[in-house]
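Chemist: Residue strings, one per chain:
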Amino acid sequence: AQKVTQAQTEISVVEKEDVTLDCVYETRDTTYYLFWYKQPPSGELVFLIRRNSFDEQNEISGRYSWNFQKSTSSFNFTITASQVVDSAVYFCALSEEETSGSRLTFGEGTQLTVNP
Amino acid sequence: DVKVTQSSRYLVKRTGEKVFLECVQDMDHENMFWYRQDPGLGLRLIYFSYDVKMKEKGDIPEGYSVSREKKERFSLILESASTNQTSMYLCASSIGPRTEAFFGQGTRLTVV
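Those sequence lines, one after another, are chains A and B.
Residues 62 to 177 in my numbering are what the first sequence lists, from first letter to last.
Residues 3 to 114 in my numbering are what the second sequence lists, from first letter to last.
Bear in mind the hints are in silico, worked out from the structure with no lab data behind them.
All C-beta atoms in this analysis are idealised placements derived from N, C-alpha and C, irrespective of residue type, glycine included.
One or more hints might be untrue.
Derived DMTMM-like pairs (lysine to aspartate or glutamate); straight-line CA-CA distance at most 25 Å [claimed, not checked]: (1) B/59 to A/158; (2) A/99 to B/81; (3) B/55 to A/158; (4) A/99 to B/61; (5) B/5 to A/105; (6) B/59 to A/169; (7) B/57 to A/158; (8) A/64 to B/40; (9) A/99 to B/19; (10) B/59 to A/105; (11) B/59 to A/76; (12) A/64 to B/53; (13) A/99 to B/32.
Simulated restraints, written as ranges between beta carbons of each label pair [claimed, not checked]: (14) B/30 to A/79: 38 to 46 Å; (15) A/113 to B/82: 24 to 32 Å; (16) B/81 to A/144: 19 to 27 Å; (17) B/30 to A/78: 36 to 44 Å; (18) B/82 to A/66: 32 to 40 Å; (19) A/66 to B/59: 41 to 49 Å; (20) B/16 to A/130: 23 to 31 Å; (21) A/101 to B/40: 13 to 21 Å.
Bound-form chain B, shown alone:
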């Protein structure tokens, strides 16, 4: 079975902290994605990566950065966490545009 694992299910961080959300997939997928999910707004794409060290901005990249040093791992970084970044963060991976994405269980981040 494809497995996408996010490092934490719940996180509480303070305003101004640097926050790392980690995601690992075990299926050698080329593509990895970070979304945030907020009520009424659906899933909004923050960043995606189609290869190691390659990344592209999604629809809401401001305040975030990403890192993909190894194919299986895709990290989302909040450079200086703010309360408006309190949200559910979902990581996903896929082989390519033709195939379905597989999702992790999500990280619910609260910034206080």
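For reference, chain A alone in the conformation it holds in the complex:
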């Protein structure tokens, strides 16, 4: 069965610090997709990135970067030079193509607080 674990429940940093949010997943499929979402205080989840299991290239988008490592089943998310507006709950999610059809499974979420 697919599973996503975000071991960090809460992280608190000071503005301009770098911060990494961890995500570890379990799957039996060879084809799967990983996602990160942001949930700001307003409540609506915002999609950040999708990565498929065949693409292990790291991705950078502005201050955000993602490190996908199949060998350790991890898909970690780093925010460089954090800002107060980055304060939110961040969720990692997994979708399998073969075994579970369209099921989309989320981790527990990490509450990030960036203090001025």
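With chain A fixed as given, assemble chain B onto it according to the hints.
Modeler: Just chain B now, with coordinates in the frame of chain A:
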């Protein structure tokens, strides 16, 4: 823009009532999902549907049922509401397993 609309932002219901939470998407997505979100537990999948009239149980289906009579609409039903069903309920839709899901604004349900 993709839009997923949940019928209510806030609901207060009494124990034992039958409760309907409605969700509509306007992008002709195949898949629709119902999650509940509780502090420390993240988003837990209640039910999902990959086609009209098709549904599959998620991780916590007990006490819930769903209905998908039309592609754009996915309803979550609490057959007999209980206080432990007080939670934030999130609806989402997606084209398929390869694509991101789009979420509604959530319904905060309180059962008293």
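Chemist: Now, for every hint given, state plainly whether the structure supports it.
Modeler: The hints, checked one at a time:
no., hint, in the structure
1, B/59 to A/158, "17 Å, holds"
2, A/99 to B/81, "32 Å, violated"
3, B/55 to A/158, "21 Å, holds"
4, A/99 to B/61, "22 Å, holds"
5, B/5 to A/105, "12 Å, holds"
6, B/59 to A/169, "19 Å, holds"
7, B/57 to A/158, "17 Å, holds"
8, A/64 to B/40, "18 Å, holds"
9, A/99 to B/19, "33 Å, violated"
10, B/59 to A/105, "24 Å, holds"
11, B/59 to A/76, "42 Å, violated"
12, A/64 to B/53, "24 Å, holds"
13, A/99 to B/32, "23 Å, holds"
14, B/30 to A/79: 38 to 46 Å, "41 Å, holds"
15, A/113 to B/82: 24 to 32 Å, "42 Å, violated"
16, B/81 to A/144: 19 to 27 Å, "45 Å, violated"
17, B/30 to A/78: 36 to 44 Å, "43 Å, holds"
18, B/82 to A/66: 32 to 40 Å, "33 Å, holds"
19, A/66 to B/59: 41 to 49 Å, "22 Å, violated"
20, B/16 to A/130: 23 to 31 Å, "50 Å, violated"
21, A/101 to B/40: 13 to 21 Å, "18 Å, holds"
Violated hints, in rising order: 2, 9, 11, 15, 16, 19, 20; the structure is consistent with all others.
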